[in-house]
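Line order of the protein sequences matches chains D and S.
Just so we're aligned: the first sequence equals residues 1 to 166 in our numbering.
Just so we're aligned: the second sequence equals residues 1 to 203 in our numbering.
Rather than coming from a laboratory, the hints here were simulated on the basis of the structure.
Heads up, a few of these hints could be off.
Here are some, though not all, of the chain S residues that point toward chain D, as calculated from beta-carbon distances under 8 Å [claimed, not checked]:
| no. | residue |
| --- | --- |
| 1 | Pro53 |
| 2 | Leu58 |
| 3 | Ala84 |
| 4 | Ala87 |
| 5 | Arg90 |
| 6 | Leu150 |
| 7 | Glu154 |
| 8 | Asp180 |
With beta-carbon atoms standing in for the labels, derived distance ranges [said to hold, decoys possible]:
| no. | chain 1 | residue 1 | chain 2 | residue 2 | range |
| --- | --- | --- | --- | --- | --- |
| 9 | S | Asp140 | D | Pro46 | 26 to 32 Å |
| 10 | D | Pro128 | S | Ala190 | 44 to 50 Å |
| 11 | S | Ile194 | D | Asp41 | 48 to 54 Å |
| 12 | S | His174 | D | Ala124 | 26 to 32 Å |
| 13 | S | Met197 | D | Arg11 | 23 to 29 Å |
| 14 | D | Gly89 | S | Asp140 | 36 to 42 Å |
Note that CB positions come from ideal geometry on N, CA and C, so glycine has one too.
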Amino acid sequence: MTPATVDAVIRGLKKAGVSIACYLPDSLFRPLYPALDADPDIRTIPVTNEGEGAAICGGVFLSGKRAVLVMENSGLRASVEPLARMGLGAGIPVVMLMSYRGELGENNWWAIPHGITMEPVLQALRVPYAVVREEEEIERTIEAAYASAYASYYHTAIVLGGRLVR
Amino acid sequence: MMTRYDCMRALAARLSDELIILSLGGSVDEWYDAAPHMRAASLFQQQLGCVTPQAFGLAAGLPHRRIVSLDTDGGLLFNLGILATLANERPRNLFVVVWDNERYQSIGGPPTHTAKGLVDLAAMARGAGIEQAHTARDLDAFDRHCVEGLAAQEPYLVVAKVDGSVRAGIRRKHSDGREDKYIFVRHVEATEGITIMGPSEHN
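Just chain S, with the same shape it has in the complex (with noise of 0.2 Å):
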């Protein structure tokens, strides 16, 4: 079974411009070595149902940046509705990556409703009317659908079938959700021209 970090080393490969919102636990610190790259294009949260909403509202304020939601199966099945608003919206500059790794992992690996082997997220996605939605299990299927997901002119899912190792030996990420929204705003902020957190009046 392939690990969630050589996945994310594959997709790190491919990524130079775009924005990254992410979460959980272990996959935050694996995402911060394995991209380094991309640390300051890269969000990183800590909450469950949040990634693939938050990367949509990003995408929808910037329709010319593509933007990569690395999302979980715990944190997709506690909001399954975005599946559906993802449909009807139509995003042309988003990919969703669902890391599954069939547990919460980051509380000790207790199994998610994916573990049963009966829930299919990539075929719940396309029942919700994303079409492009995958389930990868080895990593050369997983590299063929971030090329077609980060090019895609549509909303593109891949369900990534991991197992549920931690890269050993990883740094870990030392800054809090504070200070990750900053180091990110100003990246967007510096790469897009714009200003979203501007100087206060003086009044």
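Chain D with its partners taken away, still in its complex shape (with noise of 0.2 Å):
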């Protein structure tokens, strides 16, 4: 992940309104989450798994701020129970910005169920979601995913995959 691309992504981030970034860190991800820390208008909260993020993040949600969760998509599937509970049940959307790991080209077996797995949890659990590969589409689809996310009371998930994280 290059300077250029967490650039990119902490201007989406403030430009859709994030105050709060809850994270569990990811190698694809690496340089971002020192960067999110160091940043003085997002407070950065770390989590010990990524359904306890979703669930900060559905209460981040009911004070009025914006918050996202930033994660590998692995944590996809440990955040299927909240993300179910909350969104199906209540209403209450969650933001999530992933890295893509098992997409093609995986040379770590253990990474490969994650990409197997991925977009079929998004689809069952109907998170409308977006993969992005290119920098310049970075912003943009993460202001989207909050358009959507306050349109809909429903989560959207945003995925970095390609040479952003490789």
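Hints given; two lone chains; assemble the complex.
And the structure:
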């Protein structure tokens, strides 16, 4: 992940009005986490698992502030229970930004399940999402994810793949 | 042994402008009856493991407002990691009550892991780094912890050891999670002077 990509992500989050980022760090987004930590306009909250992060983001929504859940796409699987309960049960949205592990070309055996399960899990939860592989699309897509989440009061997801994270 | 309902009545008497997130089953109906003046200020949830994380998210977003999490033994055990997160983040406006009736009451009462008397949730919280984590076994002690917890400038947790009863004859709450969310969000909007769920754009 290049510094320019990191900057584009943070610009997009700020344009969307995000002031709190919950994350469980991963390797593909490695430079993003310290950049979020260092940003004076964003409070970061490291969590012990992504489901906990999803629930915290749901609470932030109820406060009127905007949150993002940042994680590897494997974290989606850990988040399914709170996402289903909050989103389908109460209409409390969580916007997720995840790295695409297990994309075509993945060379780690342990990451293969993440690629196989990500899109079917998003589809099972009926979460609108976009896979972004071009830097110039990042800002606009993040803004779009928040626009949809705050019109539908349902989750949305931005997946960064391809050369953006490899 | 004290009842959860009596504890709720004691806590409710000390609340006015706080925001509450709670779970689960019978405790929802009990709180609805025990704290009628806090109904709009309470988000009634039906989910294990989400209650204290949501309350913390709310506390992070509204740092000037006192937030109360009414969690349960089963709910806290579902996601113990939140204890470590609270210890690290140290919210100054979050009071966590854990109703520990040693059972999954909403599905008929099979035991949780606290039922054998070996698992000490308050000690686990202290081990995670929440220094103000206590167990209350009688109403006076519980009420004292409410006073402390509602004024604390650091995360404060009290485990209330309560019996397995549900108050007889209480009104059932009729609304679902979606209606509950709207009621709660409109209350936060009105009392904070903010817009959370605003009008759609016309374009």
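The hints, checked one at a time:
no.: 1; hint: Pro53; in the structure: holds, 3 Å
no.: 2; hint: Leu58; in the structure: holds, 4 Å
no.: 3; hint: Ala84; in the structure: holds, 6 Å
no.: 4; hint: Ala87; in the structure: violated, 11 Å
no.: 5; hint: Arg90; in the structure: violated, 12 Å
no.: 6; hint: Leu150; in the structure: violated, 19 Å
no.: 7; hint: Glu154; in the structure: violated, 17 Å
no.: 8; hint: Asp180; in the structure: holds, 7 Å
no.: 9; hint: S:Asp140 with D:Pro46: 26 to 32 Å; in the structure: violated, 38 Å
no.: 10; hint: D:Pro128 with S:Ala190: 44 to 50 Å; in the structure: violated, 31 Å
no.: 11; hint: S:Ile194 with D:Asp41: 48 to 54 Å; in the structure: violated, 18 Å
no.: 12; hint: S:His174 with D:Ala124: 26 to 32 Å; in the structure: holds, 30 Å
no.: 13; hint: S:Met197 with D:Arg11: 23 to 29 Å; in the structure: holds, 26 Å
no.: 14; hint: D:Gly89 with S:Asp140: 36 to 42 Å; in the structure: holds, 37 Å
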